[in-house]
Each structure stands twice: as C-alpha cells, then as structure tokens.
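Engineer: Here is how the chains run, residue by residue.
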Amino acid sequence: MTTTLTTTRRPQKVTRPEGPHRSRPAARRRNWLGGLAGWLWLAVVAVPLYWTLITSLKDRSRYYASNPLVPSADPTLDNYRMVVESDFLRYFVNSVVVTAGAVIPAVLVSFMAAYAIVRGWRMRVLRAMNGLFLMGLAIPLQATVIPVYLIIIKLHLYDSLAALILPSIAFAIPLSVLVLANFIRDVPKELFDSMRVDGATEWTTLWRLAAPLTRPALLTVTIFNALTIWNGFLLPLVLTQSPDRRTLPLALWTFQGQYGVNVPAVLAAVVLTTLPVLVLYAFGRRQLLSGLTAGFGR
Amino acid sequence: MSTLTAKQDVRRPQRSILPWLATPALLLFTGFAVVPLVGVFALSFTTWDGIGSIRLTGLTSWRAVLTDPGLPHALWVTFLVMAVSWAVQTPLSILLGTFLAGRQRYRAVLGVVYFVPLMLSSAAIAIAYEALLDPNFGLGAGLKIQALSQDWLGRPGLAFGVVIFVVSWQFVPFHSLIYQGGVQQIPKSLYEAAQLDGAGRVRQFFSITLPQLKYTIITSSTLMVVGSLTFFDLIFVLTEGGPGDATRVLALDMYKRGFQASLMGPASAIAVILVLVGLALALLLRRLGGRDAAASQLEGAS
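Just so you know, the protein sequences line up as chains W and X, in that order.
Counted the way the numbering used here counts, the first sequence spans residues 1 to 298.
Counted the way the numbering used here counts, the second sequence spans residues 1001 to 1302.
Quick caveat, the hints were computed from the structure, so don't treat them as lab data.
The reader is advised that the hints may include incorrect statements.
[What the hints assert, rightly or not] Footprint (simulated), chain W over chain X, 3 or more residues, beta carbon under 8 Å:
#: 1; region: 1127–1133
#: 2; region: 1225–1234
[What the hints assert, rightly or not] Quick list of simulated restraints, FRET-style, between CB atoms:
#: 3; chain 1: W; residue 1: 42; chain 2: X; residue 2: 1227; range: 31 to 41 Å
#: 4; chain 1: X; residue 1: 1027; chain 2: W; residue 2: 196; range: 36 to 46 Å
#: 5; chain 1: W; residue 1: 189; chain 2: X; residue 2: 1106; range: 36 to 46 Å
[Said to hold, decoys possible] Pairs of lysine to any residue residues, derived as SDA-like cross-links and limited to a Cα-Cα distance of at most 20 Å, are as follows:
#: 6; chain 1: X; residue 1: 1214; chain 2: X; residue 2: 1190
#: 7; chain 1: W; residue 1: 154; chain 2: X; residue 2: 1041
#: 8; chain 1: X; residue 1: 1144; chain 2: W; residue 2: 64
#: 9; chain 1: W; residue 1: 154; chain 2: X; residue 2: 1046
#: 10; chain 1: W; residue 1: 154; chain 2: X; residue 2: 1042
#: 11; chain 1: W; residue 1: 189; chain 2: W; residue 2: 213
#: 12; chain 1: W; residue 1: 189; chain 2: W; residue 2: 254
#: 13; chain 1: X; residue 1: 1214; chain 2: X; residue 2: 1186
#: 14; chain 1: X; residue 1: 1188; chain 2: X; residue 2: 1205
#: 15; chain 1: X; residue 1: 1144; chain 2: W; residue 2: 66
#: 16; chain 1: W; residue 1: 154; chain 2: X; residue 2: 1031
#: 17; chain 1: W; residue 1: 154; chain 2: X; residue 2: 1070
#: 18; chain 1: W; residue 1: 154; chain 2: X; residue 2: 1051
#: 19; chain 1: X; residue 1: 1256; chain 2: X; residue 2: 1063
#: 20; chain 1: X; residue 1: 1144; chain 2: W; residue 2: 121
#: 21; chain 1: X; residue 1: 1144; chain 2: W; residue 2: 154
#: 22; chain 1: W; residue 1: 154; chain 2: X; residue 2: 1049
#: 23; chain 1: X; residue 1: 1256; chain 2: X; residue 2: 1070
#: 24; chain 1: W; residue 1: 154; chain 2: X; residue 2: 1047
#: 25; chain 1: W; residue 1: 154; chain 2: X; residue 2: 1030
#: 26; chain 1: X; residue 1: 1256; chain 2: X; residue 2: 1030
#: 27; chain 1: X; residue 1: 1214; chain 2: X; residue 2: 1245
#: 28; chain 1: X; residue 1: 1256; chain 2: W; residue 2: 257
#: 29; chain 1: W; residue 1: 189; chain 2: W; residue 2: 204
#: 30; chain 1: X; residue 1: 1188; chain 2: X; residue 2: 1202
#: 31; chain 1: X; residue 1: 1256; chain 2: X; residue 2: 1031
#: 32; chain 1: X; residue 1: 1188; chain 2: X; residue 2: 1210
#: 33; chain 1: X; residue 1: 1144; chain 2: W; residue 2: 241
#: 34; chain 1: X; residue 1: 1214; chain 2: X; residue 2: 1256
#: 35; chain 1: X; residue 1: 1144; chain 2: W; residue 2: 257
#: 36; chain 1: X; residue 1: 1188; chain 2: X; residue 2: 1214
#: 37; chain 1: X; residue 1: 1256; chain 2: W; residue 2: 84
#: 38; chain 1: X; residue 1: 1256; chain 2: X; residue 2: 1245
#: 39; chain 1: X; residue 1: 1144; chain 2: W; residue 2: 51
#: 40; chain 1: W; residue 1: 154; chain 2: X; residue 2: 1165
Using N, Cα and C, we set each Cβ at its ideal position, and we do this for glycine too.
Generate the whole structure from the sequences, applying the supplied hints.
Structural biologist: Structure (structure tokens):
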C-alpha cells in the first residue's frame, strides 16, 4: 500500500496547479469522529475535575443538599483551612525534600553514566552496565519492595526521608540513562574531538560540552523523575511509619481514612496536594508534557 | 599495564576515567535495584514476618503460594485488568492522538485540559473518584440519577469496571500524547497522494495512519501492558482489592500478604512471579517490536 502511494506521488504533484498548503487542512483534515471523541473525552476529563474543585469550596453542612454540579453561592475556604491545620505544610516540605533529594542526584549520576556509556562504548564494562540499566526498564521495580524494606531496616534508615530517597534514585536511573544517552549520542563527534585537541579532560568535556548541549534532555528527565517521585505512594507506605515522615500522597490517604465522611474537606486535600504540580503545569506545560513522554517518542 | 606502547599510553589516561563516571549510578542501582531483585528471589525461600529473624525454609513459601487458590485468581484479575484496559485505551488513544495532531486552534485549548490527569498522583485520583462514586453522597446521588447512584465500589463487576475506567482516565492522555507524536511524524506526502487517488478520510486512516503507527502502537502497548502490572497505588486506594478479592491484582496480593499478613516469604514468591511475568511480557513485545523496527527500516531503504 505504502509503496504504491509513494510511486504515484511525484508525477501527480507536478501537474497539480493550486497551492497545496492552503487548501489541504480545511478540505481534508476534518476528522469528525476524532472531533466527537475529543469533545466527549474532554467532558469525561473535565467533569470530575470541576466537581472536585467546586465541592471542595462548599460548606460541609450544605454540601449534601446542593446540586453537585452548581458551584456554591458563597464559597468557603474552611475546608482548606482544616487541611492546612492538619499538618499538610509539613507533608509538603517532606515531599519537596524527598523529590529534590532524589531527583538531583539521580539526574547527575545518570548523566555521568550516560556520558561514559556513549563515549566509552568500545569498553566492554560500560556496554555491560548499559545492558544492566536496560534490564531495569523491563522489570517492574515495585516487585522489589520487600528486599528494599529489608535493606532499609538493616541500614537503620527505616522511617526516615533518606529511606525514600535512596530507592527512588535507583528506580529513576534506568530511564534517565536511556534518554540522556540518546541525546548525548546526537552531539556531533567533531565537537568532542576538538575538545580533546584543546587538551580538555573527559571531566571538563562532560560539564562544558555535553551538559550545555543536552540541557533540554536534562530538564526533561528532571521533570519526569520529579513527577514520578512526587506522586509516589508505595515507597512511603512501606518504608515510613510516623506521621511526621509522610509525603503528600500518603498524607492524603491517611487524611481520607480519618475524615472520609467530610467529603468537601477530603476533596480540598486532593486539590491542595495537586496544586503545586498544577501551578508548574500552568507555567511550563510544554516542558512538562515533553518530559512525560521522554524516550518513548523515538 | 607498564608494557603498553607509548601511543596507547597517551590515550589511556583519558579513557580510564569513563568507567568511574558510571560508577555512582552503578552502585546506587546495584544497591537498591539489583540486590533487591536477587534478594526477592532469595527471600522467597525463607519464612519471615517482617520484623523478627529470617529463617531459611526451602520451598515452604512456594508450596503455600502455588497451592493457594488466591494465586490463579490474582493472575486472572491481573490479566483481565491488563487486557481490558489495553482494549479500552488503545483505540481511544489512537483516535484522540490523531485528533490532537491536527492544527486547529481549539485543539490546543482542549489539550490543556486533557493532560491534567497526568499530573495527578494515583492516590489523589483514587480518592476523588471514591468520593465522586459514593452511592449516598456522590455525584449520581446528588443529581438524583438512579443509574449513576449505584454501589460502584461495592459490587465485584462494577468495581472492576470502575478500576478500568479510572485507569483509562488517568493514562489515556499519556498514550494520546505518544500517538500524537507518532501521527505528526507521518509524511504529509502520503496523505496528499492518497487524496489524489481518491481515498476518503476513513480509508486514509486505515491505509496510512494505522500502518504508519505500527511502531508507536507497539511502544504504547508495551508501556500499557508492563505498566498495568504495577497499578498498585490506584487499586489499593480505590478498592483495596475488593470487594472480596474482585480487584486483587498480583501487586496488591504481594503487598497484602507481605505487609498486612506479615507473610514475607509467600509475598516474595509472588513478587518473583510478578518479575517473571513482567520480563516475559517485555521480551515478547520487544520481539514483536524488533521485527517491526527492522521491517520499517527496510521499507525506508527501498
């Protein structure tokens, strides 16, 4: 099919008089089925979000009697106050500490490893390491929580934020190395050669040449890992215990367990824990989205 | 080392630092991913309650797991979640991805809303849906629509459906994004040629878009299928595997046996099964993908 199309393409294009660019989109790209699905899916996505937001602003006593899809006439922030007073500031700080503490080292070590793998591809050791990291992509790492739990206990790190940081770094490495290596491979070889002629060491080349040239990829990988770790639930659930070590998703879950009947308050907690990411989304949507599909678009 | 020629000596100092650059990543990955992977295998031959001492007990855990009717059930539920969520998400994502790849301005506006679910944690999504689906205080009850105010999470069939729906709600945007990228890479000339040949919109979709997306479909399917093994957070918060064990997938089974019932040995055996299933699926899909990658390269060359 494809081959017949490509062979017939050229002669006909030449004989075609009118400008192909202007007439094409309107005439042909009308995708009514896609459009219908698009609008339907918009409703499917938007209604729960909208309902969550307006309900979180409703007064608890009047919430049951009101129409669920009509915003409250006099919105209240009481629910939010209640959530903030339930120590959510601490959970927020915990989440920030864990995310930053894991993402920064993860990206740094992955970048160094990716550089070494690309530049030292002739060395068997480095090819073997690459194979090991790739294997990490195929394995559901969540399946290793029991031994991770054991290791964390043996290191006397149970119920600390470091307990969340260390495995998070390890789980982030495979995809980060893969994506960064792909980008470092795209850097023209001549640039590396000229650095070497100038007498630069690998260490200098790494930071002065490879890092600036792969900055978009570094940002992408940082975003992807940050989102994954920020939203992580299993590791905090298994590796911490005391309330003041909770990260936001876990705190949200325990809050729901405690105040489950107070629907507006629970939804206020949902909105509040999501807010930081949504603010980032508002400012850097493009970066965030390209970060999410990192390495899969190729 | 000292017998190296002068020429090699010049290159040597530059090269030798490279393995060291990769060492920090290797150590971290080994310590918290490779060792645990080996460890989970080792722990499956022990008896451990999670706190006390670990005793080697040979095949006891495996015998307990393999004779438990809960295992085939968990495998079946895992498979069902995988298959049904794939069958729901793939056509939807392709359709939406194709739609989003267009250029109209309003699509960009839609795009802003579409991708919000990607930003949210599974825990937040599950909790919001739990409230929304509540038979007494949820959306359906509030609107007084009988069909919507069912006990969604209290009946096995319904709860399974809800899990599939919420999974799709969360991940369809992600896969649409992948398909959007895939569609945008299809050469426009193919469509122009098809149009001149008189092919309609639907025909173009099935003769050009779908075949050209073959590789994207495999990538997206791999992520869906392998990813579905790790739907832990969402199902745990939404249904806790219930009602009964209607939505008790392998990952949940592992957690409940290990951390709730303090049976770390059998839980490790389940983890090993989880790893093996994941590895088998990844290899299977990679074989499919590999053959296609080679095929598409040949096509490009000819």
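Engineer: Report the numbers of all earlier hints that the structure fails to satisfy, in ascending order.
Structural biologist: Of the numbered hints, 3, 4, 12, 17, 20, 21, 26, 27, 31, 33, 34, 35, 37, 40 do not hold.
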